[in-house]
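Those sequence lines, one after another, are chains X, E, F and V. Number 92 in our numbering belongs to position 92 of the first sequence; there are no gaps in the numbering. Just add 1000 to the spot in the second sequence (first one is 1) and you have our numbering. Just add 2000 to the spot in the third sequence (first one is 1) and you have our numbering. Just add 3000 to the spot in the fourth sequence (first one is 1) and you have our numbering.
Check each hint, because a few of them may be wrong.
Partner residues aside, some chain F positions facing chain V, computed with beta carbon under 8 Å [stated by the list, open to error]: (1) Val2130; (2) Leu2134; (3) Glu2136; (4) Pro2138; (5) Leu2141; (6) Ser2142; (7) Met2195; (8) Leu2224.
These aren't lab readings, by the way, just hints derived from the structure by calculation. Even glycine gets a Cβ: it sits at the ideal position worked out from N, Cα and C.
There are 4 protein chains.
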Amino acid sequence: MTDKRILIAGGDMRQIYCAERLSAKYDITLAGWDKELVPDGLGIVPYGEYDCLLLPVPPLAENGSISTPCFSGTLVPDELKGLLAPEAVILAGKYDKRLSSYFPDNAVVDYMEREELSLNNAVPTAEGAVQIALEELPVTLSGSKVLIAGMGRIGTALAEILKGFGTEIHTAVRNPNGAAKARIHGIKAVTANTMDSDYTVVFNTVPDMIFTRERLSRMSTATLFIDLASKPGGIDFNSAAELGIKTIWALGLPGRTAPVTAGEMIAETVELIIAERSIEHD
Amino acid sequence: MTDKRILIAGGDMRQIYCAERLSAKYDITLAGWDKELVPDGLGIVPYGEYDCLLLPVPPLAENGSISTPCFSGTLVPDELKGLLAPEAVILAGKYDKRLSSYFPDNAVVDYMEREELSLNNAVPTAEGAVQIALEELPVTLSGSKVLIAGMGRIGTALAEILKGFGTEIHTAVRNPNGAAKARIHGIKAVTANTMDSDYTVVFNTVPDMIFTRERLSRMSTATLFIDLASKPGGIDFNSAAELGIKTIWALGLPGRTAPVTAGEMIAETVELIIAERSIEHD
Amino acid sequence: MTDKRILIAGGDMRQIYCAERLSAKYDITLAGWDKELVPDGLGIVPYGEYDCLLLPVPPLAENGSISTPCFSGTLVPDELKGLLAPEAVILAGKYDKRLSSYFPDNAVVDYMEREELSLNNAVPTAEGAVQIALEELPVTLSGSKVLIAGMGRIGTALAEILKGFGTEIHTAVRNPNGAAKARIHGIKAVTANTMDSDYTVVFNTVPDMIFTRERLSRMSTATLFIDLASKPGGIDFNSAAELGIKTIWALGLPGRTAPVTAGEMIAETVELIIAERSIEHD
Amino acid sequence: MTDKRILIAGGDMRQIYCAERLSAKYDITLAGWDKELVPDGLGIVPYGEYDCLLLPVPPLAENGSISTPCFSGTLVPDELKGLLAPEAVILAGKYDKRLSSYFPDNAVVDYMEREELSLNNAVPTAEGAVQIALEELPVTLSGSKVLIAGMGRIGTALAEILKGFGTEIHTAVRNPNGAAKARIHGIKAVTANTMDSDYTVVFNTVPDMIFTRERLSRMSTATLFIDLASKPGGIDFNSAAELGIKTIWALGLPGRTAPVTAGEMIAETVELIIAERSIEHD
C-alpha cells in the first residue's frame, strides 16, 4: 500500500474491475457510478485531494461531460477539478484535446497508447474475434480456411488461437519481413496477389484500406469479414454491402468480451505509469 | 451418381445441408418441411419407391409422429410407409423402439451410434463448448485454468482447441491409461483427489456422476461448469444450484453451433452405411 | 515404503533409473551390473528372498542368460532362482517362452504389453523420431510436408510435436474412423490413394506392410522414411534400397533417447502391477 | 531470368544451395570450390564481368583470403577484382572492414544484417537448438520445464516448437512489454527474480550477460544451458564450469542443421537486395 490516492471517474465495468485491483495498493474512490453498481469495499464519497484522476475509454462524452454509462446523473470535469492535488496526473483512455483546457495545470497521459497495454489488449481482442466467428459461422473452424491480414500483435494472437482449432491459416503480408514473421509462427504467408478467393473468414487487423472494392470483388461472397482495425478500418464496407459480402466491424472487444481481464490490464498499466512517474519525481 | 433414392423426412437445418451434400450422389426428396425453407434444387414431391428413409435426430416426437420442427403440418410414419421399397433401410438419428413397430419389415440403423460420426461430432461439440465459455466468462481463456473431465474424443478435441488459447489445462483422469493419454497430448493429468479447487471453467465429458455434491462443495463457487455429457450428465445440478455454482448443460451442440458441418457429417455417414450395405447385399 | 523386495537383474541404464525410482518405495537390489556403474545408495548384494524379479527389455540373451549389457560377467537364470520367494512374480520386458521353463513356479508378466506403458512410451518414441528427422534432414521441419502413417498413440504423439514446428502434416488413414481421429487433432487425412508423392519425411507407425514396392515407387526418392513399427515394420526395406530411397528403422527409441524417462515409466508400471497383484491377493 | 551475373566465392554448403536457387534467375558462377563438390549445372569457370560478388559467412579468413572451407586451394580478393563490373556490389555474410580496402570502388552490403534474413534464420536456429536439447537430455522434453530468456524472434520460434512437445515453458522477460508478448503467445512470463531454479533446460537468446555467476549459483546444477546468443553470449561460461553446470554455446546453427534451408534463405535475401538496388538505380 502506498499513500497514493486515485479518483476513478465514469466508465464501464472495466473500471470497476480496475478499481478492485488497484484498491489492493492505493486509496481508491469511484465517482460517476450509480451506488448500487459499485461493489462493497470501494469508496464512493470523494474527499481530500487525489494524486491521480483515472478517466475511462473514451474519457469524455460528446457534450464534454465525463463518459458515465453506468451513472444516472451527469458528471462534469469542473466537479472533479477541486478534488485534485496540485501535481495530480490525469490518466485518460484516449487522448482528447478538451482535457488540456479542462485541466490546464495537470499532465494528461493516454494510457491506451502504452505499448504494454496495446500488446495485452491483443489477447482479449483476438478471443472476442474468435467468439464472433464461432457465433456467426454455420461451419466449424476446424477444417476451415482463414485469412488474417497483418501479423502484428492482434494477428499473431489470433493465429495462435486458430492453430488449436485445426484451421488452415493464411496470413496476408506486405513484405518479406511479414513473410518471415509468419514462418516463425509456422503459418503460410500470402500476398494480395497470391491470396485465395474462398476463405471462410477473413480477419483484418490492419488500419489501412486493404480490402478495396476491387479486392473484395475477387473474394467469395460466402466469406465473412471481421474487421478488428480501429477507424477507419481496413475494409470498404459500402462496397462489401453492395457485393453481398457480410462484414462485422468489431471494435472495443476487450471491454465487451472480457471486462475483468481488460479492467485488470488497465490497472496493471496504471500501476506502471504511477511507478514510473514516482521514480522521475523522486 | 448411383441409382439409390433417399427420402429425408423431418429434422432441422442439418437435414437440409445433409440433403444438399447427398444430392450430389443420390436422388433426394425432402418431406416434412415447409416449402419456403427448402433450397431450390431439392425435391419435395415424393414419388415412386425409396431405398432409404433418413429420419432426424431424434427421429420421433413424443406423440409418435416424425420430428418436424421446420414443418407447419404433421407427418406420421404411416404416410411414409407406402413410399418405401421392400428392402428399404430406415436411418434414424437415435434408436427408438417404436420404429420397429411402425416399419416392421425394414432394417433400422441408428446412425448416431456410428463410431466415425461420434468421433466427427466431437469437433463441433468442442467448438460449441468453447463458444459458450467465451460468451459466459468475463475473463480471457488465455491465462485461465481449466479442468477437462475425461480424455475421450470430446475431451481430446477440447484440449487441442484450448491449447491455442494459452489456457492452463488439467484433465481429470481415472486411471494410468488416462494419465498416459494426457501425456501424449502434452496435458497435465490430475485425479479426483489431486484436482485443484479454483478452475475458471470445468468441462465435463464423462456420462457418469463425476461432480457429486461432495466434490462440488470443494470447488470455488466462481467456477463455471459446462456439462457436455449426454443424459444423465456428470454433474449433480441440484447440488450445484444450492451451492451457488453456475452450470450449463450443453446438449446437441453440433446442430446448434455448426449445422452445415454437422449436416455434412451425417451425409458422410449415410454414404458409408449405404456403401457398406451395398457390398453386403451384392 | 512397503515391505516388498525387488531384485532387478541385468538391463541398460533404464533399469538404473527405474531402480532409483522404485527404491523410494521398495527394498531394491541390482544384479548383473558392474559395480562402478551402479549409483551409491542402490544395493548390489542380493540376500534373502525377493517378491519380485524385474528382468530387462528383452529379458534374455540368445544363449538363455539374462540380458546384461552393463555387466562384464554372465548372469544365468539359475543363479536367481534361489533368491525368489515362493510366490515371487517375474516381470519381463517382453514375453519369452524360455522364462516359463526357467521359472516354472512363478507367474511371468510382460510389462511392455501393459496399456499404460505402451501409451507412455509413445512420447519418447515420438521425440526420438523427431530427433532423427532433425539430424538427418538438410532442411527445416518448418515448411516441410510430412506424412504420418497411422493415428494410434505414436502417430498422435508425433503429430502433436510436429504441429509446433509448423510442419504441414498429412496422416494416412485406412478408414473413416482414422479420418475422424485426424479431424479431432486438426490434421489432414489422406488415404493410400490420395497421398502426395513429395513428402520430406514419412513416419510409419503401422506394423503392417504399408509401404510396398509399388507404393514406394510412386514416392519421391528424396523422401526420408523413418519406420517406428516393431518387426516386421511397415516398409519394404529391400525395395526402398533398390529404388534409392533412404530408410531408417528406428527401434527401441525410448531407451536410447530418454533413458531416465523410459526407466521411470517402467518403474511406474512395476508399481501398478505390484499394487494390482497385492489387491488381488489380499 | 534477368541478365544479372553473380559470382559466388567460397563458403560452405549453404552457398551451393543458395547458388542452385539463384541459378533459376541469374547467371551464376562459383569460385573457391573444389570441382567435385559442385553439382552439375553450376558454372565454375569465371568469365566476363559480374554484377554481384557473393561472399560467405564470414567473408574473409583471418589471413585476409576468402573463406573457402570447401576448396583445397586459396582464393584472395585480388583474383576476384578483375572479374567485377564497375558498379558491382559485394554481398558479404558479415561486415569486415578489410573489404572496403580490398574493393574500394564497390558498395559492400552485409546481408546477414537484413531484417528478413535475421527473422528467417530464427527458424533453423530454433530447430537446431531443440535438436541439441533432444540429443543431450536423458529425459523427454514432454513434461520438462524449460526457461527461454528473451522473447525476440529466436525465443518466439523456440516457444512455438516447444509448445508441441508439451513442455512447460517459462520465458524470462525484463519489462511489461516482454510479459505482454509472452501472453500473446500463451506462455508464462517470469523475471530474473521470480524464475524457478529447477529448469531442465535454459535457452538463452539475449546477447547480454543474463546468467551471471550470482544467478547461475541459484540454479540447479542439473540444468543444461544452451546459449544461442552471438558473442559475447549471455552466460558466464567460466562460472558455470566452476559450478559444475553444463553449457553449450551453439553458434551458426542454421548452416549446420539445415544448410539447404539456410542457403535458400540467403538466396531469397540476395534476390531482394538485387531487386531493391535495381529499382533505386533505374
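Going through the hints against the structure:
1. Val2130: holds, 7 Å
2. Leu2134: holds, 4 Å
3. Glu2136: violated, 11 Å
4. Pro2138: holds, 4 Å
5. Leu2141: Holds, because the Cβ-Cβ distance from F/Leu2141 to chain V comes to roughly 6 Å (cut-off 8 Å).
6. Ser2142: holds, 5 Å
7. Met2195: Violated: closest Cβ of chain V sits about 23 Å from F/Met2195, beyond 8 Å.
8. Leu2224: violated, 13 Å
In summary, the numbered hints that this structure violates are 3, 7, 8.
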